[in-house]
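Read top to bottom, the protein sequences are chains A and B.
Heads up, the first sequence stops at 302 in this note's numbering, and the numbers go up one at a time, no gaps.
Heads up, the second sequence stops at 483 in this note's numbering, and the numbers go up one at a time, no gaps.
Check each hint, because a few of them may be wrong.
No more than 27 Å apart at the CA atoms, straight line, and that leaves these computed lysine-lysine pairs for DSSO-like [claimed, not checked]:
#1 A:K64 with B:K54
#2 A:K64 with B:K474
#3 A:K64 with B:K473
No wet-lab data here; the hints were simulated from the structure.
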Amino acid sequence: MRHGKYPFVIGFLFAPVTLYVVFVIAPYAQAFQISMTNWRGLSAPQWVGFDNYRRLLDDGSFWKAVQHHGVLLLALPLITIAIALFFSFLLNVGGKSSGGQRQGVWGAKFYRVVFFFPQVLAVAIIAVLFQMVYRPNESGLINGVLMKLGFDPVLFLIRPNLALWSIIAVLVWQAVGFYVVLFSAGMASIPGEIYEAAEMDGATKVTLFFRVTLPLLWDTLQVAWVYLGIAAFDAFAIVAVLSVDGGGPDGATTVLAMEIYRNAFVYSKYGYASAMGVALFFLTLTFAALTLRLTKRESVEY
Amino acid sequence: MSITPEHPAELDRRTVLRRAAAVGMLATPAIGLLSACATSSGDEENEQVGGGTKSATNPLGAKEDAPIEVVIFNGGYGEKYATDVHEPLYKKAFPKSEVKHQATQAVSTVLQPRFAGGNPPEFVNNSGEKFLDFGALVNDGQLQDLTELWDAPSVDDASKKVRDTVIPGVVEQGMFNTADGGRKPFVLYYVSTVYGIWYSGKLFKDNGWTAPTNWEQFKALCEQIKAKGITPYGYAGANAAYYQWNVILTQAAKIGGTDVLKNIDNLEDGAWKQDAVKQAAEAWAEIGAKYSDKSFEGLKHTDVQLRQNQGKVAFYPSGDWLENEQKKDTPAGFTYQLMPVPGLTASDKLPATAIRAAGGEGYFVSSKSKNPRGGMEYMRQMLSKAGARGFTETVGAATVVPAGSEGFQFPPGVASAQAALKAAGKDVFNMLFDNWYKELDTEARTATNELMFGRIKADAFVERIQKRADAIKKDSSVTKFKR
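Please model the entire structure based on the sequences and the hints provided.
See the structure below:
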């Protein structure tokens, strides 16, 4: 007798689905609704149709933020994945082989733990930490040393064309550890015989990396790319805490979440901020769909 | 025996249903939340308590036994002045009433949902980085009209109206246009704030420098200070650029008269492009280029203030809360001193002593709270001599009630600010656009950093702020104010 099955399933799904609908789906849907109003956060909103979206079109800071997401979208995954791959290759298969088993470089176990450290820290702490690192005068970590050596201080967060890259460096620094671990796990599942066979055929380490490791790691890379891409659409906490003048100088480091925050909680323009939020929602969705489609390729069976 | 459901269908049916029902009960309140969405408001109006009997001691007719809730911004002035001075005063006047106290550092975070839900507290100290937009509050009819309070007899002298016990301009400063075209006082600005440029009396005395009164002297002194290896002038670009636009606009007012600021506040066409503004911007851009430090753009206000305390910066623009804020870091004998922002030319419209002063720290009563009359009465108690005196004694700052600070021994910085205020006589002015239009404040801050750290010239400075001012003027969703 299986007559109890559906109530059972429904009983278990009911709570999580309800919670999800109330706390995730409903606010999303409401953001769409609010974005069509001129709500200022206090009394009942008035319907204004697509006015907010029209205004987005010639909002300089909005486009600046979108442009920065473009830069982030290219730079963050590329740099992070490149560094993480390099490190995890060294940690897993970069050393000597002993007894037919590939080894990591000397001290690999120690490095693996060290690389993961930034992941353990809260984002806000990392931002505050880098305030100290980037500080533009003699009490900054980097500039303190530079100035002792007689160089001019580097104005990391102040020079408009350096500021965004300083922020990206922090994002990469924070993300690398996680992807080292992720790729390490992927590499560990690549059978040692393949490496052995390739080595017997005279493959160098570089060839090993590009001809064996990379193709067999493709699925993991794809996941990493999507994760990092979505992270590139965020970056709010680091920008909010680290940048000068909230996304400055003159909007040189601003991101969409920063503009949403400013419009909602500084200017009390909740309707307009919601319109930006909706735009961000679609940007993220488009990115994820595109990436999954573009990187679709037969994964190698082994 | 384990009861892992390897065969789920074999679970007793009644148990399953019971469990499902239990889960359902847990989830039901959540469904209630669905209907109470973020924007709902107004449909559940707060039930207000009636008035009490009006009498000589209760001219506003607050209900004697109705509770009031007080929300204080826990910032530069702390919350002690409320818990130790004002709340006991109210309790004393209305022993049967209960005063609920709450302090926060993020006013809008705590209160925005309360306003949206139609359940705001009676009395709010709306200040700090996250204060609620006054314009939006006025627009929504959330603020109690304070006309009755200002016309009520004062606590100390029944023959005097409350409005006559405060320094001139304070009632005016808290006035906003209403949706029906009127103009009413909604906000009480309580703390007397004097703005200017601060220096260390000790540093100047040790070096034989005196505070300059005109532009030539100021530049000459900057040159001397620079030769000593001290940064002559600086403000913090990372989060306090408005300290600097304040200086530029103060000088602009001196050059062209107070109408310059009035035009800016009223969003008049071309207000930012007035000659006086451009001249002042040019003058200060030169100071930024020659006598400041590029790294200050990346520093927070506390960093630069600390450097001044350490004798590495000579002049720093700020308001007279500075001395109290820096109490912990100021070395003994530092002696904060204020000088008015110097004028630019001999033909300036205002004298060198002219100064920007205003009521600081905004307080309001929520019109849609349960007991708005109680909130107003709380304000009346605050504005009494005892209330003002208690505030001054607790935080060391002067209030807008002169009787409260009479004979009080202020620390040297505030004392110099009060002396400068006295010397200015009738040449005291203020600007309001940053409170009215926060977007304009943001733009002015950004543009000021661009100007002072040498990325744009004065022309571009006035141009870009004017552009934003025009955009705000055209934006129908922003309530406009006039003075």
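*Between A:K64 and B:K54, does the CA-CA distance stay at or below 27 Å?*
59 Å, violated
*Would the pair A:K64 and B:K474 pass a check requiring their Cα atoms to be no farther apart than 27 Å?*
22 Å, holds
*Given pair status - B:K473, A:K64, alpha carbons within 27 Å*: 23 Å, holds
In the structure shown, a violation is registered for the earlier hint numbered 1 alone.
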